[in-house]
Amino acid sequence: MTAPLHEPTAEAAPSAAEEAAVNAGAKAVQGRSLGRIAWERLKRDKLALAGGVVVLFLIAVALLAPVITSLYGQDPNAYNDKDLIDPLFGTPKGSFGGISGDHWLGVEPVNGRDIFARIVYGARISLLVGFLSAIVAVIIGTVLGVLAGFFGGWVDSAISRVMDGLLAFPQLLFIIALVSVMPNNMLGLSGTGVRLFVMILVIGFFGWPYIGRVVRGQTLSLREREYVEAARSLGAGRLYILFKELLPNLVAPIIVYTTMMIPTNILTEAALSFLGVGVKPPTASWGQMLSNAIDYYKSDPTYMVVPGVAIFITVLAFNLFGDGVRDALDPKGSR
Amino acid sequence: MLAYLIRRLFAAAVMLVVIIMVVFGIFFLVPKWAGVDVALSFVGKQADPAAVEGVRQKLGLSDPIYSQVWEFFKGLFAGRTYVGGGDSVHCAAPCFGYSFRTEQAIWPVITDRFPVTLGLALGAAVLWLLFGVAAGVLSALKRGSLWDRGAMVVALAGVSLPIYFTGLLSLAIFSYSLGWVEGEYVPLDESFTGWLGGMILPWITLAFLYAAMYARITRATMMEILGEDYIRTARAKGLKERVVIGKHAMRSTMTPILTMLGMDLGALIGGAILTETTFSLPGLGQAVLNGIKTQDLPIILGVTLITSLAVLIANLVVDILYAVIDPRVRLA
Chain A
1 MTAPLHEPTA
11 EAAPSAAEEA
21 AVNAGAKAVQ
31 GRSLGRIAWE
41 RLKRDKLALA
51 GGVVVLFLIA
61 VALLAPVITS
71 LYGQDPNAYN
81 DKDLIDPLFG
91 TPKGSFGGIS
101 GDHWLGVEPV
111 NGRDIFARIV
121 YGARISLLVG
131 FLSAIVAVII
141 GTVLGVLAGF
151 FGGWVDSAIS
161 RVMDGLLAFP
171 QLLFIIALVS
181 VMPNNMLGLS
191 GTGVRLFVMI
201 LVIGFFGWPY
211 IGRVVRGQTL
221 SLREREYVEA
231 ARSLGAGRLY
241 ILFKELLPNL
251 VAPIIVYTTM
261 MIPTNILTEA
271 ALSFLGVGVK
281 PPTASWGQML
291 SNAIDYYKSD
301 PTYMVVPGVA
311 IFITVLAFNL
321 FGDGVRDALD
331 PKGSR
Chain B
1 MLAYLIRRLF
11 AAAVMLVVII
21 MVVFGIFFLV
31 PKWAGVDVAL
41 SFVGKQADPA
51 AVEGVRQKLG
61 LSDPIYSQVW
71 EFFKGLFAGR
81 TYVGGGDSVH
91 CAAPCFGYSF
101 RTEQAIWPVI
111 TDRFPVTLGL
121 ALGAAVLWLL
131 FGVAAGVLSA
141 LKRGSLWDRG
151 AMVVALAGVS
161 LPIYFTGLLS
171 LAIFSYSLGW
181 VEGEYVPLDE
191 SFTGWLGGMI
201 LPWITLAFLY
211 AAMYARITRA
221 TMMEILGEDY
231 IRTARAKGLK
241 ERVVIGKHAM
251 RSTMTPILTM
261 LGMDLGALIG
271 GAILTETTFS
281 LPGLGQAVLN
291 GIKTQDLPII
301 LGVTLITSLA
311 VLIANLVVDI
321 LYAVIDPRVR
331 LA
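Chains as they are written, first to last, in our numbering: chain A, 1 to 335; chain B, 1 to 332.
Among the hints, erroneous ones may be present.
[Claimed, not checked] Examples of chain A residues toward chain B, derived with CB under 8 angstroms:
hint: 1; residue: Tyr-79
hint: 2; residue: Ile-139
hint: 3; residue: Leu-173
hint: 4; residue: Ala-177
hint: 5; residue: Leu-178
hint: 6; residue: Leu-267
hint: 7; residue: Ala-270
hint: 8; residue: Asn-319
Keep in mind the hints are simulated off the structure, nothing from the lab.
For clarity, every value in this text was computed on a predicted model and none was experimentally measured.
Backbone N, C-alpha and C define an ideal beta-carbon position, used for all residues, glycine too.
The task is simple: from the sequences and hints, build the whole structure.
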């Protein structure tokens, strides 16, 4: 019942490059480390680099959101309905959704909030949930995956059954259900804070089996390698083998899966906000803007296009970068 | 083969029980732990205390959780009568619950909406399998060619576009601006052409997203398999390239594709929430979303179970197909 999605590096047969990587991990031979080889490959991949640059730019935008909007001179939550909205139709005055020198991407219908400022603030929500839920998934997935692969036996079968089960769940539905039954106040958080916390936990929770399966498979094959056997016969303890011999060699697949998980998580967050179970208004999020835009796709298409393109560019940038990182870290890659 | 089938069926049954328990856990234990009264969400926020108490008795909410699960389980096969608060309601088998808010049983709601979702999922699946797998195979065979690069750029864009954006965009362009198709859903038994017209945009946008995913994965799998020894052997013994690709390579390539298809189709049949919301299709996904927005727990619970059931059945079918396609599985 398991879905081998794309498992780029996991099941790779031992090749010369991989042996080199293994040696590099143990810092035994001189020469280029795996990280260095990967970086040199990544540098040659123009598309991946472009994706990486856009990702860095988006992170900067999210971090500097208050600075950007104050320089720009518009507040994301300020209503401009008196001056900028056509009182008859509720749509922005002027063409293309009210785009002007003051409002670069136009204003929202009805309440006239500035779309550019809301997009800038929306980046915070998208990236925050995207990154943190990936971290949650990586932590759970790595710990349980290593446990399953390293100890085997009933530990392995128990963890593997749980992973198979979770992967067979209708995920979006359960994420929506879980997010919607959570209370509005908990752990001293309220409003947007609770929503973010719950979304990060739930999305991360449903993401860990993808990483867990890869880490388990990799651990299983690494465990039987000669260098691990050598360490064992030299009297190394389990913990030493785990942290010094196995984990360094798991870093590559973990990085690959993390970079590929972030865009998926960003899409999930946008979907939750689109469905109305994400962050609560007035906090700006891209999915919520798109959901509001449904009612205006005929009269004010700009309102729909802007957040849609924002999501597209963000996810595409992460995907390009992720593909590049995967190719660069792939020991089979010959480029 | 028979042993394999029985094992799979048993696993599916266990999974179903687990899912029922998890669903109950989500909807009954989480609110309890958070200090929210479950009965309230069955009646509505402005309910009078007597009505709340009536629902509490009808559902046995004060009983331990396992007996609530058991009552629900029994209702699935034998039907159920809710008694409490001075009146009683009967819910015929299969009783997937009863909404005290809309005062209707859940099962008819499900059967009412299921055909919409099924039509959407199956129609889109045909499209995405045809185009996605074909594009992926062609790309793998002509690696590095203009076609390969073009197709992969489109596929990458496809997986990066949320369906609720492409859906709205296609509505705005093809339905509103160009007027090629109607944007409204028409039931199949009312008018076949009307139904086709209403479904064509949802099918294409949904299929575009999945075709992009399937093309990427087909390409990667195919390329890996083309490097296998048995492909070299097949070529070495002089088989035609058409046979090597069409018979030897395709068979292994289809295995992961089938797994994905089972999961994706199962999840979609249980409610394509995003697509149905975008195109206002009256399917299961829309029903569950309405339930979530009005905090109507029984409908959420019922549809969640149906979805899980659909995923389970789809996976089961895939497991059986596996054994047909790949002889190694039968021995496992």
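Hints versus structure:
| no. | hint | in the structure |
| --- | --- | --- |
| 1 | Tyr-79 | 25 angstroms, violated |
| 2 | Ile-139 | 22 angstroms, violated |
| 3 | Leu-173 | 5 angstroms, holds |
| 4 | Ala-177 | 6 angstroms, holds |
| 5 | Leu-178 | 6 angstroms, holds |
| 6 | Leu-267 | 6 angstroms, holds |
| 7 | Ala-270 | 6 angstroms, holds |
| 8 | Asn-319 | 5 angstroms, holds |
When the structure is compared with the earlier hints, violations turn up for hints 1, 2 and for no others.
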